[in-house]
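Asks: Chains as they are written, first to last, in this note's numbering: chain A, 1 to 336; chain B, 1 to 293.
In case anyone wonders, no lab produced these hints; they're calculated from the structure. Note that the Cβ used here is the ideal one computed from N, Cα and C, for glycine as well.
Each pair of labels, with its calculated beta carbon distance range:
1. P294/A with G273/B: 35 to 43 angstroms
2. E246/B with A185/A: 15 to 23 angstroms
3. G273/B with G40/A: 27 to 35 angstroms
4. A261/B with R125/A: 24 to 32 angstroms
5. G283/B with E278/A: 36 to 44 angstroms
6. E191/B with D179/A: 28 to 36 angstroms
7. Q140/A with E182/B: 40 to 48 angstroms
8. T235/B with L235/A: 39 to 47 angstroms
9. R125/A with K102/B: 37 to 45 angstroms
10. T51/A with Q194/B: 38 to 46 angstroms
11. V104/B with A185/A: 20 to 28 angstroms
12. S272/B with F113/A: 45 to 53 angstroms
13. E278/A with Q202/B: 31 to 39 angstroms
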Amino acid sequence: MNDRIKIFGDKAGEIPLFPALPSLSDPGNIPGVKSLGANGPFGHLLLQEITGNGYSIRYHSYFLNQEDTLTLTCGKPALRLWLSLKYSFYYTTKGLDENVLHERGFNISYVPFMHQTLRLHAKQRYVCVEILFSIDHLRQLVQFFPDVEDFLHEVEKQQPVLLNSINQVADKEILSVADDILYYAYPLEMRKKYLDNKVMEILILALGKIARHPLQQPVKIPEKFVERIYEARELLAGNLKRDYTLRELGALVGLSIYKLKKGFWVIYGLSISDFLHEARMQKARLLLEETDQPISRIAADTGYSHPFAFSAAFKKYFGYAPSMIQRSRKQAVHYN
Amino acid sequence: MFFQTTTKSKTTSFFLYPMPDAGSWCVRSAGDFEADKSLVELCFVLDGKIDYQPEGLGGLHLSAGQFNMIYPSSLQTRVWLSQQQNNLTAFTIHFSISYLQKLVVPFPALIFFLEKAQRGIAGKLSAAHGIADPKMITLIRNIQDCPYTGSLKNAYWELQISTLLTIALTKIMTRPPRNKPEIPLKPQDIEKIQAAREYLLQNMEQPPTLIELARKMGLNDFKLKKGYKQLYGMTLFDDFLHARMEKARLLLLETNQSIVAIAELAGYRNVSGFSAAFKRYFGHTPGWFRKIT
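Using the sequences and the hints, build the whole thing.
Replies: Listed below in structure tokens is the structure:
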């Protein structure tokens, strides 16, 4: 990885980065991915990077023992898509903005020198991914997205610029491509081609989202409120078998039903029931991919009383039956 | 009936044909591309079964989840659907030979197939059909549900098709050898194998040998070895190695125990064996990591 990435904590002081051992659950536990990490009284963090043809994919994960503001600097220009996968990043980017990137929020920006501060709470896991791409990617995409032209001109002049001053919310498709990029599961020889395509795809999806259904109003909700929504998210996603009523859930996290609904809607762009359905489906997919549990058990564990109902819902959501994952796992060649 | 055809710069074109009617059905080329040239087809069956009879190739039976790449010697293809069946969805992408020739460097097995196709001889790329995985189905779904129009639609389709084709070729060409049939496993065998895994993970400090483990579980070692691979998709040794390395990694990062102690806890009798395995797995020795953290 770029040795010039430096991280400095207001309280923790300079955090020296060392080559790190990614755990089995981190993405990119495959050759060619560079990992840097730090571990200490401040907490721990991991940065992983894989570089390709004119792009570079960076995965960040942070866990702090006490609240702190980290300053990340890097001497290089950064034209990037930035997507939060877990928790809300309260950040400032030198030359650009002071804002918050909530879970699943994304933006596209350019800075000639990266200098960013992230204010992070204690005892929370933060995860985000950055896709740094080239001006050639942008030039290719301008023909499809004429609105990008002004942004491109600023980038060519090496001026800091945001494509859209309002942070957007990633949809299911964008998240699924981000997942494909981070958790690569095919032979190494074809990784280059695959990632080339996937990077272009995620850029098309992100620009398409901004061009077609941009969020017009920034998500403005108090920090305490956001934390409670994440508590509710944790309760919902962690207890899929249990059917919380909105009243119960609201009482548990200290929000009115109205605020609870509104919070999910503004952060995720989903109703609570859609969010729950998605959490069930994603959990089921994970269990199918990583365990050998029978479908009936997975159905029960994700809150379905009947496996048929589960299979039908799964197929509707993903386009393939749950048994397909099991079948393709049996056939899988172990590449890595 | 739903029949969609698109031409992309005379190189890629694809058809989409969910076919609702039972009986025989004939798929012909649409007039969009050069009719005197037949094209290579990458055919997926998504639902139901199909008996596909491309000219010059004989019968091809594909069932849900299977795919193959074929070259019919003419554009006349007969497709048989059984009378009972009311649900068949197939998805086919047509490629020109020249489009595929760009891929022979990463996929040399294409050379022979394409040479034959150029001479007009029908063929299929692989004797055994490939099995589609969920990511491939997602790509096909993306192509079907593409929200864009105009040139962006073509660019998006081309991207999805390129990814799908790369995965399909990789799958067809790196299939595990078929001469290794699965051994039948009874439910009690499966339980024993699962118990063996549990036991192994619980007793990492003093790992039994394969034979000892098999005996302990009341299985023979052949069944344990083969069955394990069948059940978990990796060999017992690989699985155990992953578990040991993960344990060693955690101990190294989170405790101050000596490397000698960690080696022992991970089930290595001597440190040098442990260090060597660790280095092979993570690229650096445990001592080096201890020093820098």
